[in-house]
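**Q** Chains A and B, in that order, give the protein sequences.
Just so it is clear: in the first sequence, position 418 is 418 by the working numbering, and no numbers are missing.
Just so it is clear: in the second sequence, position 139 is 139 by the working numbering, and no numbers are missing.
Check the hints yourself; a few may be wrong.
Using 25 Å as the maximum straight-line C-alpha spacing, the simulated DSS-like pairs for lysine-lysine come out as follows [unchecked claim]: (1) K449/A to K28/B; (2) K202/B to K445/A; (3) K114/A to K98/A; (4) K84/B to K445/A; (5) K159/B to K445/A; (6) K202/B to K453/A; (7) K184/B to K460/A; (8) K68/B to K442/A.
Rather than coming from a laboratory, the hints here were simulated on the basis of the structure.
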Amino acid sequence: MKTKFLNKILFYCFAFFAPLVTLAQEASFTASASKTKAEVGDQIQISFTLNTSGSGFKAPNLNDFAVVSGPNQSTSMQFINGSMSQTISLSYIIIPQKEGKFTIGSAFINAGGKVLQTKPFAIEVAKGSGKNTQQNSNQGAANSNAQVADMDNNLFLKASVNKNKVYLGEQVIVTYKVYTRVDIVENGLDKAPVFNGFWSEDIMSPNQQAELYPEIVDGVKFQVAEIKKTILIPQRTGTLQVESMDLNCVARVRRQARSNDIFEQFFGGGHQDVRVTIKSKPIKIEVMPLPEAGKPIDFNGAVGEFSIASKINKNKFKTNDGANLIYTISGKGNLKLIEDIKPNFPSEVESYDPKISDKINASAGGLSGSRTYDYLIIPRVAGKYEIPEQTFSYFDPSKKTYVTLRAPNFELDVEQGSEKQENYVVNSASKEEIKDLGNDIKYIKTESKFSEKDNYIITKFWFYLLLLLPIVASVAFLQYYKKFQKENSNISEVKSRKANKVALQQLAAAQQHLTNNQFDALYTELYKAITMYLANKFIIPVSELNKENIASKLSSNKINENIINRVLQLLDKSEMARFSPIKETMAMEIDFKEATSIITEIEEGRKV
Amino acid sequence: MKNIFYTILLLFPLNLFSAENPETLFAKAKTAYDSNNFEKALEAYQEIEKQNVESFELYYNIGNCYFKLNQIAKSIQYYSKSLKLETNNSDAKNNLKFAYLKTRDKTEPQEELFLNRWWKSLYNSTTSNNWAWFTLGALFIFCASLISFLIAQLESKRKLFFIFSLLFFVITLVSLLFSYNQYKFANTQSEGVVLSNTISIKSAPTETATNLFVLHEGTIVHIIETNQNWLRIELDNQKEGWVSVKDIALI
């Protein structure tokens, strides 16, 4: 009984102290590696395991290795036959960087008031084969650990396009999707895809939060996220490749249960973060050239489906008054890549480069929207003009034909504005000048007649002498002429002075005829005496001796009218007497006296 | 007449000493110009200039050479000089315009008043010497018709000769005036072109005077006064000031 009692006490004591006993049990802290012989680039998992609880873990120096992951802590508890055992494990995944023998030093931990340390161990690293390394670095985390071995099947990136065969300029949408069966803690773009030969516009950038949706692939349910969607417009023909996209993910993987222990299954093992790089496969897109058949002349590269609209803000103008002519092209397609439309403006209308404004959206359906060309036009000359209809052609890839659209023509009615046209003239002049710049100066002259420098006749003395010459000459001539005239007039004075004498002689002869009573002879002599006297006196040529000349000459010499009449009467009488058959001898003496008195009176008058 | 003889006598030995006559030099310069050797062409033209002869073509060609050698101020000077001999030559005007395009200051000479321009082009339509000979001819006709008027007996003939002599009297006077004007025009250097790259125009004819404004190579200035080695200049925009004579090439 006594022993029974003692046993009982002992049992209780044991039961009571059992945990203490357990604690008192030798605490072990050990280090282990997944392999101690590895190649450069291999992943190695090293674990430090403590069979009791502890704190203040101090890792060994791992500078010779690249630490890919860790420290990853996992804790497990076991109850065996009522006794509980606890294990703490800290693990690292490391990759050797160079070949050689490396020692993993001691790790330290505080357990039960004591500092425990692991034994150092060596890892031998051989030179790695490149292929292996590459693969390992990409997928190493999965390979090195059985739990993440089929990561490839659980997490992948897939690129897809909506069309594989397109026309030049036709839009293609490429979508990148991440398929996953594991939790992704974080992801980041490692290598953005390169779109060689494409013009690209992102609809969705990889930075945006992607929505997850379920999708079933080969009977397995995946969570799918679209992480990038891009519109591509091929810029050249042939087979173009959409390069791969690399994505870095950190996946949280459940650690697989090590035993069939219910307890562990119940609580689930720890989980582990694994860094994985996932890659999409490159995609080939075949780009066909646009058909040459039926290609309109004004085709400017537009591919898609478009419409055109035009409007002008006024039709009636004054000169130098601006207006806006607007063309709008809207629709779906490569709007951003089309060449500008070029309306044919009349030359009298000044036009400027258009203001281009885009309202283009990039959506899952592709590029769509409108592009507006706003032309400012200024008519410079009054008149009626027409802006011809504007055509716009595009290729419709779905119908595989070209389509030509027409915007109607506009009539402009321009009136002369109030301002003058000076502006325009100045403008055109400056334009011409600009044109001139392209020309060159005129060529040199090839022939020349040289003249002596500073040889000015006007400064020479002889020139003035020469000028004086005609003046002097004409003065001299006039002088000479005057003298000549004077001499001439002297001769006639002598003559007229002689006239009296001659007349007296003639009259004396006439007196003889009178005494002899010779009728005819007397009158002949009288006639002669008068005419000769007058001819000498007033210098009348004998050929011009007739009554009219005598009368005019006498009157011009200011002889009394009375005397002139008497002269004319006497001359008439003499002529009559000479030719008349009747001889009036009675009048003979009277007429003789009349002749003498006329001559005397003229002589006297002259003297007066 | 004696003067002509003397000048010919004076020129004769000069021509003997100079290696070539102007015509051969002119042809030589053309060959050089055609092979883009503008320096050599310019040398030949300058050789002609030294022989105390001138012609519109000579100055024009020199202007072209300077233009090709990118000495714009000099080319402007020579084009302007050539235009003094042939006021209305369109080639020279055209090239001068090109030269102006290369200058920095935008002071292209203003167009003169129509009346001034007309008057100028009238007396510049021929040389001063031609006008002088013309004067002489007109004077002869005037004298002859005056004499005819004086000795004519018939009234109708006298009237005709009177009008004739009056007309030629006026012509004589006008052509003499033109001859003088043309001579004056050709010999007055009322304009200049800025030679230096950049010059400061001073407020007074001293080096220490205040700088009024800056002109660049190729700008045309009007000379309104001379004071020893200083020129008082005016621009088309009425700005004026003094500048050292060495910075200006006279036209």
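**Q** Which of the listed hints are broken here?
**A** 2, 3, 5 and 6
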